[in-house]
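**Q** The listed protein sequences derive, respectively, from chains A and B.
Residues in the first sequence are numbered from 1 upward in steps of one, following this note's numbering.
Residues in the second sequence are numbered from 1 upward in steps of one, following this note's numbering.
To be clear, the hints were calculated from the coordinates, so they are not data collected in a lab.
Be a bit skeptical, because a hint or two may be false.
[Stated by the list, open to error] Short derived list, chain A residues pointing at chain B, Cβ under 7 Å:
1. 26
2. 31
3. 33
4. 37
5. 44
6. 90
7. 91
8. 112
9. 136
10. 261
11. 266
12. 323
13. 325
14. 327
15. 381
[Unchecked claim] Distance condition first, Cα-Cα at most 27 Å in a straight line; then the derived DSSO-like pairs of lysine-lysine:
16. B:145 - B:388
17. B:388 - B:151
18. A:154 - A:115
19. A:315 - A:209
20. A:825 - A:723
21. A:36 - A:3
22. B:297 - B:227
23. A:97 - B:388
24. B:145 - A:394
25. B:351 - B:388
26. A:115 - A:97
27. A:209 - A:154
28. A:118 - A:315
29. A:36 - B:351
30. A:118 - B:388
31. A:118 - B:351
32. B:388 - A:115
33. A:315 - A:154
Computed from a predicted model, the values in this text were never measured in an experiment.
Ideal Cβ positions, reconstructed from N, Cα and C, are used throughout, including at glycine.
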Amino acid sequence: MDKLVENLRAVLGRTAVLSEPDELIVYECDGLPQHKHRPRAVVFPNSTDEVAEVLRTLAREGVTFSPRGAGTGLSGGALAVNQGVVIELARMRRLIKIDAENRFAVVETGMVNAKLSKAAAPFGLHYVPDPSSQMSCTIGGNLAENSGGIHCLKYGMTVDHVLAARVVLAGGEIVELGSDAGSTPGYDLLGVFVGSEGTFGIATEATLKLVPLPSAVRTLLAIFSDVDDASRAVSAIIAAGLVPAALEMMDGAIIRAVEASVFAAGIPLDAEAALLVELDGLEAGLDDEAERASSICREHGAQSVRCASDDEERKRLWAARKGAFGAMGRISPDTMLQDAVVPRSRLPEILAATYRIGSKYGLRVANVFHAGDGNLHPFLCFDARHPDEVLRVKEAGRELMETCVRAGGSITGEHGVGLDKSDYLPLIFSEDDMDAMLRVRAAFDPTGLCNPGKIIPTPRTCSEGSAVTRRRDAETQACGETESPGAHASLRASLREQAQSVRAHALNAGEPPALPALTPSHSFNAEEAQRLLAQIVGDENIYASLHACVSASLAVAPASAEEACEVLRLASSQGWKVVPAGGETWLDAGNPLGRADVVVSTRRLNRIIEHEPADLVARTESGVTLSALNNELARARQWLPVDPPDQGSASVGGVVATGMSGAQVLGYGSPRSYVIGMRVALADGRTIKAGGRVVKNVAGYDLCKLFTGSYGTLCLILELNFKLRPLPLYTTTVAACAPLDSLLRAARAILDARLLPVAVELLSSRAASRIGVSNAETHPILLVRFAGTHGTVTFQTEETVRLFHNEDAKLTSYASDDDESYWQKLSALPLQNENQLVWRANVLPSELQAFLNHAMNDDCANLHSSSSLWHAGVGDGRLRVISSSMDDAARAVASLESLRARARASAGSLVIESAPTSIKSAIDSWGMTGRTVPLMRRVKNQLDPANAFSPGRF
Amino acid sequence: MVSSKLAIALADEEDKLLACVHCGLCLEACPTYLHTGDENDSPRGRIYLMRAVEEGRLNPESNSFGAHINRCLGCRACEQACPAGVEYGQLLEAARSDLTKTERQRRGWTSRLIRFVLKHIWLHPARLRFAFTTTRVMRNIRLPKLLIRSKLARLISPRLEFALALLDSSRGDERRRDESVARPVSDSADSRALLFKGCVTEGLFARVNRACVRVLEANGCSVSSPKDQVCCGALHAHAGDLEGARTLARRNIDAFNDEAQAGIVTNAGGCGAMLLSYAHLLSDDAGYAERAREFAKRVRDISQQLAATGILEGASVSESVTTYDASCHLLYGQRASEAPLEMLGAIPDLKFVPLVGSEVCCGGAGVYNLLEPELSRRVLDEKLAHIKETGAQVLTTGNPGCHMQIGAGARLKGMEGVRVCHPVELLDESYERAGFYKSRSQESEARSQKG
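Between the sequences and the hints, there should be enough to build the whole structure, so can you do that?
**A** Right, dumping it as structure tokens:
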């Protein structure tokens, strides 16, 4: 018998390994049976440790593997090519815990999506991402594919709902990405892991956000006699500033298939299109929104619009929508389900194109899709028993993809690339883009054993090897030259050879060494540098760096992306160390730089390139300030809803590079959720693209996540694509002044009351007076902000006032326009003094009070003092403390160490945002722990092998 | 496409095989997949195996095909989850029919014994009656109970012990004397029904048939029961003996021939679902195809019949907490989801607690519990755990197989306090208390007075 199978049986037991060829047949395909690869064996581990042991065994033998959940994926991602082993997680389906207070659940990743919401329902919570296969698909599969679902229009994709994951890497190493408290210092490895389609490692446990069930829902069914009318109505709804929880469309063919199935929902059979519009939120004002949506549909030719009368009817409508894929089995023996995204405003023309392409190739086309996201799912009907039809389907599929890409779209919105679409990836990504992706992959999986052959097209698979090879070069030389993939011609011999070579590297590769600390004693000649730089940007755009803590001699401000790349190429050839800069707010963030020669400022890259209100998307150069962008967007009543520390000069590039959010993170989320695409320059001056221009996109690895929060250590950000939100029509802020305990009690009540505050922020009395909130007493102040329509905001304000009845608090309400200035001043607060100590802690929300008490008693933090300056997010467990007087650095460091230990005990972290050098040189600014540190170094080594960007910052 | 001569029955179902688009929505509906996590034990996986056999890629004699097709409970819960409307139950029967033709399947003593019994006893009404009488006598003298109590049964084989527990659990509630008849509601009944008695029901649960007649009559329905009716053939079809099933089907169609097309009322989900499938079973039989379709249209469960005519409310029966477990074939085959609950709803003040996972199979599935004891036990254990959670003293279910499976499990798990019965039995008690019935002696008195 197969020796490997024996070894696997020894690890897992007899009943947990399938190896009979006949029993492997069903594992040769997933939800897209057009691709078939029979694995060598299937194993059913029962725990993280068993997964690790299996991966160790496979690494020893050099055998590739592919993780699999329920096998409902639609891109062939779970297939083990080249006789790999399938790691089936279906038996790891335990719910580990639900933390209702902090609103998260910890599950094994074999758990079925729908089961989690069911388990959370008694707590009034649910897990939002709801792909159509949610009755069967597993959380692990959702993580791998970054699944969407009908409600991701308003609530975001899987990546927006994952707080942490336990991941087993090839070779058996177990790493913890992210944290239950939601914010971790360092690269967003979790963000790039989600959506990596099982090629980075196997997630075995995940911490997932739970969200209160909406207190009110309206589901509208609008019937159209014309597909075109329906798709125009979609754009109109978005452009009108409504944010539906879901906005879905079915065409006539789909309606008739579904209505013939067990999921029939009573949609008229003669309809040519049906729109499902779901609005959720608070009861107050929801009917008005529903009425607005209905009238927009009617204006666009809807024959009828009806609102689901009860929860039963609503569920039936959604079941009909979700059953559409399977129901196609009634229409056609085989279907090719496509997945493409286009800008919403282009929907009508692309939809028409799908039918045109169908008739061109003589194939029936049916469409059912996430219209609100512009995410199309055309079905091409065929019969696989006729080889000629199979060919036509393939050609039609490709033409469809090309059409969508030409319209500014992406090749996949939620199904992933997998095996099915890797050939299409070059339609949207260049060789350089894909090379950068492969490098990140090699950082996670230096062995090349993890789900090979997926995402990046096969002829290039050899550079999976070259990326690994380069990584080794980087380790040995620290300053390796980058080579083009073509240089490794010898590796192109065959896939098998490649696998062997990758394996060989895997066996030799240990942990990369810490990055060498470079000293300023080198060959940087400022005069010579100035001369060379002037040839690129002109003398007038070179100036002396102002920041004392960055030892750089020169700063340059290129006028364009091309100039910036030219500067980087020069720097790379000269071996200079480069510090990217925007508004120069955080130039000294993190640990003191080992060396800095040239600051590259993006302040002249200040063009807003494009803003399409109907798409809720903007494209801008990175040097544009956040305030300038929002001023421009406000003209179309839209905005980029982030409030990072900002005095008005923060550039969007800087905001993204730091990834920092502010008090309103509670309501709007952090910048990472809004970056949908980027153009960045790597250290060698090559520009690469990540993401795209559509709001939903899972093509390739989401390097945007990696670059967001990378603090200028991986790349120079040149351009950014953001998704936007409609500006709220109305806002109010309630300010309450009372003793701390009383305020925290009330804050808790507000958060539990099913209201939707965008911020619940606690301010020390001095902080309150600094931002201009009148405060006669020495008590802290609680600021609660609501945003939305006049009706919902007024209702929530009244409710909040009511919740304060039992507390002896002094309340003041500030209405729209008036209240904005307080929040702006709050975001400027940490930036106002030179030479101050600013630190930020993130803990579980339930631990915030205890942590605050601990910090109160800390003589250095000294929060008790009336002069202390701090503010805290009660809903997200964030505390920022600003101290100005720093007499005794050693005492401050000891105090910070102890506070950091306390934060870690509450699943949190403590980051020093800014501090005098005396403190920074004595304590690590980030306090990263665990096995993610070497992984982070591997990422840095792969993308910036020469360590040219901001060396030493992390 | 069909390279294997053995894949004939499956080849006939090619369209149904192709209707499966492999979406996987059925996985979580499948009790065996939930327990093994192995896709070979899921509806999608089994269909894929069938397709492989049909395409000639997989030998139907292979170990894995036989094992995984046999491990299916046949509960058909997957049909309810399937958007493409794949008729899995019919595919399963075709696959099992192909399997019975293979050599491998013919070996093995349990399989041989079952085939022998189905062929030489079940197809012959007189022999079957005799067999059930003998069995009943053994049951009534408490032989099974004795053997279980004395641990002798387990010593011989746990499988035997479970078989005896099944038999023992079919005993009725002895406190009840089953002698009443319904008072005539009016001179002319509103409707007419033909009762399908079912072989196991009549053999071991005759009280359920009698309760059905009374309850129907109390609700203004005149009931008769054709003499020539035979077993529905479900056991044969599920075991892959489609020919045996067809023989029985034809006899039943003849027996229930009725000018007025009166409804055919069943009280066992397994029988009801089988009678419904006659239309498919005989679709290629020129002489019977049309008659089978007409026959199938007339079939309904007792609960569906009552829901259609309206249910008289009875009197309250007991303080006991009561729950309901749906028979898979009643739920998925006959699509009776609410109707059985309406029967219980007609009993005033019933302390009803819903059962979590009521829609999931109990693991009985005909003789599955004896053929696949390991997987059956895991499925049953979960069911028993959920029953325990409800705190119910009375569990109602509409199929004798489920009745015995849960009853046997309860006996062996120390849950003897749980009474298992058909919902119609409870309703019958409720009617009796409400005074809708009179005893047989009263009835004969009345008759003699008339005479």
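**Q** None of the hints should be skipped; say for each whether it holds.
**A** Going down the list of hints, with the structure as the test:
1. 26: Holds: closest Cβ of chain B sits about 4 Å from residue 26 (chain A), inside 7 Å.
2. 31: 6 Å, holds
3. 33: Hint on residue 33 (chain A): holds, closest Cβ of chain B at ~5 Å, below 7 Å.
4. 37: 14 Å, violated
5. 44: Holds, about 6 Å.
6. 90: Holds, about 3 Å.
7. 91: 4 Å, holds
8. 112: 6 Å, holds
9. 136: 4 Å, holds
10. 261: Holds: closest Cβ of chain B sits about 5 Å from residue 261 (chain A), inside 7 Å.
11. 266: 16 Å, violated
12. 323: 4 Å, holds
13. 325: OK, holds: residue 325 (chain A) within 7 Å of chain B, min 5 Å.
14. 327: Result: holds, 4 Å to nearest chain B Cβ.
15. 381: 11 Å, violated
16. B:145 - B:388: 23 Å, holds
17. B:388 - B:151: 25 Å, holds
18. A:154 - A:115: 22 Å, holds
19. A:315 - A:209: Distance of about 23 Å is within 27 Å: holds.
20. A:825 - A:723: Measuring from Cα to Cα gives roughly 25 Å; hence the hint holds.
21. A:36 - A:3: Judged against 27 Å, a Cα distance of about 25 Å means the pair holds.
22. B:297 - B:227: 21 Å, holds
23. A:97 - B:388: 23 Å, holds
24. B:145 - A:394: 66 Å, violated
25. B:351 - B:388: Satisfied, since the Cα-Cα distance of roughly 15 Å is no more than 27 Å.
26. A:115 - A:97: 13 Å, holds
27. A:209 - A:154: 15 Å, holds
28. A:118 - A:315: Judged against 27 Å, a Cα distance of about 14 Å means the pair holds.
29. A:36 - B:351: Violated, at about 54 Å.
30. A:118 - B:388: Cα-Cα ~21 Å, so holds.
31. A:118 - B:351: Distance ~25 Å between residue 118 (chain A) and residue 351 (chain B) Cα, so the pair holds.
32. B:388 - A:115: 22 Å, holds
33. A:315 - A:154: Distance ~19 Å between residue 315 (chain A) and residue 154 (chain A) Cα, so the pair holds.
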